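Novice: Sequence:
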Amino acid sequence: DDDGDWYETGLHIFFGAYPNMQNLFGELGINDRLQWKEHSMIFAMPNKPGEFSRYDFPEVLPAPLNGIWAILKNSEMLTWPEKIKFAVGLLPAILGGQAYVEAQDGITVRDWMRKQGVPDRVTDEVFIAMSKALNFINPDELSMQCILIALNRFLQEKHGSKMAFLDGNPPERLCMPVVDHIRSLGGEVRLNSRIQRIELNEDGTVRSFLLTNGSAIKGDAYVFATPVDILKLLLPEDWKEIPYFRKLENLVGVPVINVHIWFDRKLRNTYDHLLVSRSPLLS
1 DDDGDWYETG LHIFFGAYPN MQNLFGELGI NDRLQWKEHS MIFAMPNKPG EFSRYDFPEV
61 LPAPLNGIWA ILKNSEMLTW PEKIKFAVGL LPAILGGQAY VEAQDGITVR DWMRKQGVPD
121 RVTDEVFIAM SKALNFINPD ELSMQCILIA LNRFLQEKHG SKMAFLDGNP PERLCMPVVD
181 HIRSLGGEVR LNSRIQRIEL NEDGTVRSFL LTNGSAIKGD AYVFATPVDI LKLLLPEDWK
241 EIPYFRKLEN LVGVPVINVH IWFDRKLRNT YDHLLVSRSP LLS
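Take the sequence shown: its position 82, counted from the start at 1, is 82 in this note's numbering, and no numbers get skipped.
Hints are computed from structural coordinates only; laboratory data are not their basis. Since the model is a prediction, treat every value here as computed from it, not as a measurement. Glycine is no exception: its CB is placed at the ideal position from the N, C-alpha and C atoms. Please note that the accuracy of each hint is not assured.
When the alpha-carbon atoms are kept at most 30 Å apart in a straight line, the in silico DSS-like pairs for lysine-lysine are as follows [said to hold, decoys possible]:
id : residue 1 : residue 2
1  : LYS266    : LYS37
2  : LYS85     : LYS73
3  : LYS48     : LYS85
4  : LYS158    : LYS37
5  : LYS266    : LYS247
6  : LYS247    : LYS232
7  : LYS37     : LYS73
8  : LYS48     : LYS37
9  : LYS73     : LYS115
10 : LYS218    : LYS240
11 : LYS83     : LYS73
12 : LYS115    : LYS158
13 : LYS73     : LYS158
14 : LYS83     : LYS115
15 : LYS247    : LYS115
16 : LYS73     : LYS48
17 : LYS266    : LYS48
18 : LYS85     : LYS115
19 : LYS218    : LYS247
20 : LYS37     : LYS83
21 : LYS83     : LYS158
22 : LYS83     : LYS48
23 : LYS158    : LYS85
Just the calculated beta-carbon pair ranges, DEER-fashion [claimed, not checked]:
id : residue 1 : residue 2 : range
24 : SER215    : GLN156    : 40 to 50 Å
25 : GLU102    : PRO227    : 21 to 31 Å
26 : ILE94     : PRO58     : 51 to 61 Å
Given these sequences and hints, build the entire structure.
Specialist: Take a look at the structure:
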């Protein structure tokens with residue numbers, strides 16, 4: 001902005017369970033730009049303004065013992081009976097492996113918890129926040145598969161839930177090294193080059209991408225990395241009746257608003273870490 005501050009389009013946080021992203025940082029030689037925080041999860045206490053509850057993962061224990069220790073040591077959010085019922089409810093997911101996880105795609109987080117005998121308070125205390133963090137929607141709407149994928153990584157990897165931030169704004173500290181690497185190998189990156197239309201050949205394959213400036217881009221292969229709603233707008237009419245693309249009708253983007261707040265004084269009870277709001281509105 002005019003004051004030199006960067007507006008984030010979304011909170012960019014990196015987990016230890018992101019191996020592909022960490023490989024990218026390594027290949028670009030920018031591992032030092034990740035600022036790793038202490039291995040904790042810090043939740044706001046809605047009924048106690050200004051207070052937070054922590055789950056601290058000890059470095060001396062391997063996974064999943066470090067996670068179990070963190071949950072057992074926290075006495076502010078869940079009672080012992082709730083912890084036990086939650087642990088028992090998770091056993092099928094732990095023992096069933098990937099096949100079980102994939103089979104839960106059609107059931108919501110809240111319905112799955114109830115089916116496993118997990119109290120609603122566990123969902124409200126922990127999984128509203130986790131659902132918001134993963135997909136910006138509530139546990140009544142989110143597929144349990146998404147939660148189980150994340151939980152499995154956190155339980156299986158010692159530093160899976162450890163978090164890091166970039167040491168600056170993403171365009172300069174992450175995106176530009178990617179662009180520089182592509183250009184160093186003879187590639188080209190065009191900014192402010194929006195696609196107006198996908199041009200097709202007579203057989204339905206892609207002939208070119210027509211840009212809003214009137215130029216056409218041709219290639220051997222075409223990859224879309226856009227929100228699903230944008231792809232729907234650009235999808236050629238000839239493709240909309242193809243069964244593969246008709247599946248897009250069931251995919252809906254989640255509207256998200258980012259709020260930036262600048263304070264004129266130092267806040268009390270601040271942490272150099274991610275703070276989870278546990279709010280029905282905020283993630």
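Novice: Each hint needs a verdict: does it hold in this structure or not?
Specialist: We went through each hint and held it up to the structure:
With a C-alpha separation of about 20 Å, the suggested pair LYS266 and LYS37 falls inside the 30 Å cut-off, and the hint holds. As the CA atoms of LYS85 and LYS73 are separated by approximately 16 Å, the hinted pair is consistent with the 30 Å bound. For the proposed pair LYS48 and LYS85, the alpha carbon gap of about 26 Å is at most 30 Å, so the pair holds. With a C-alpha separation of about 14 Å, the suggested pairing of LYS158 with LYS37 holds against the 30 Å cut-off.
The suggested pairing of LYS266 with LYS247 is violated, with an alpha-carbon distance near 49 Å, which exceeds 30 Å. Using a Cα cut-off of 30 Å, the hinted pair LYS247 and LYS232 holds, with the two alpha carbons roughly 11 Å apart. For the given pair, LYS37 sits about 20 Å from LYS73 by alpha-carbon distance, which is consistent with the 30 Å threshold. For the given pair, LYS48 sits about 25 Å from LYS37 by alpha-carbon distance, which is consistent with the 30 Å threshold.
As the CA atoms of LYS73 and LYS115 are separated by approximately 27 Å, the hinted pair is consistent with the 30 Å bound. Straight-line distance between C-alpha atoms of LYS218 and LYS240 comes to about 22 Å, which keeps the hinted pair within the 30 Å bound. For the proposed pair LYS83 and LYS73, the alpha carbon gap of about 11 Å is at most 30 Å, so the pair holds. For the suggested pair LYS115 and LYS158, the alpha carbons sit about 29 Å apart, so the restraint of at most 30 Å is met.
With a CA separation close to 17 Å, the supplied pair LYS73 and LYS158 stays within the 30 Å bound. Distance check on the hinted pair: LYS83 and LYS115 sit about 16 Å apart at the alpha-carbon level, within 30 Å; holds. Restraint check for LYS247 and LYS115: satisfied, since their Cα atoms lie roughly 28 Å apart, inside the 30 Å limit. Proposed proximity of LYS73 and LYS48 is supported: the alpha carbons are some 20 Å apart, at most 30 Å.
For the given pair, LYS266 sits about 20 Å from LYS48 by alpha-carbon distance, which is consistent with the 30 Å threshold. Taking the CA atoms of LYS85 and LYS115, the gap is near 12 Å; set against the 30 Å cutoff, the hint holds. The hinted pair formed by LYS218 and LYS247 meets the criterion: a straight-line CA distance of about 26 Å does not exceed 30 Å. Among the hinted pairs, LYS37 with LYS83 is consistent with the structure: their alpha-carbon atoms are about 26 Å apart, no more than 30 Å.
Taking the CA atoms of LYS83 and LYS158, the gap is near 21 Å; set against the 30 Å cutoff, the hint holds. Between the alpha carbons of LYS83 and LYS48 the distance comes to roughly 22 Å, so the proposed pair stays at or under 30 Å and holds. Among the hinted pairs, LYS158 with LYS85 is consistent with the structure: their alpha-carbon atoms are about 24 Å apart, no more than 30 Å. Range check, SER215 to GLN156: about 48 Å between beta-carbon atoms, so the 40 to 50 Å window is met.
The beta-carbon spacing between GLU102 and PRO227, approximately 24 Å, falls within the hinted interval of 21 to 31 Å. Distance hint for ILE94 and PRO58: a CB-CB separation of about 20 Å, inconsistent with the stated range 51 to 61 Å.
Hint violations for this structure: numbers 5 and 26, all remaining hints satisfied.
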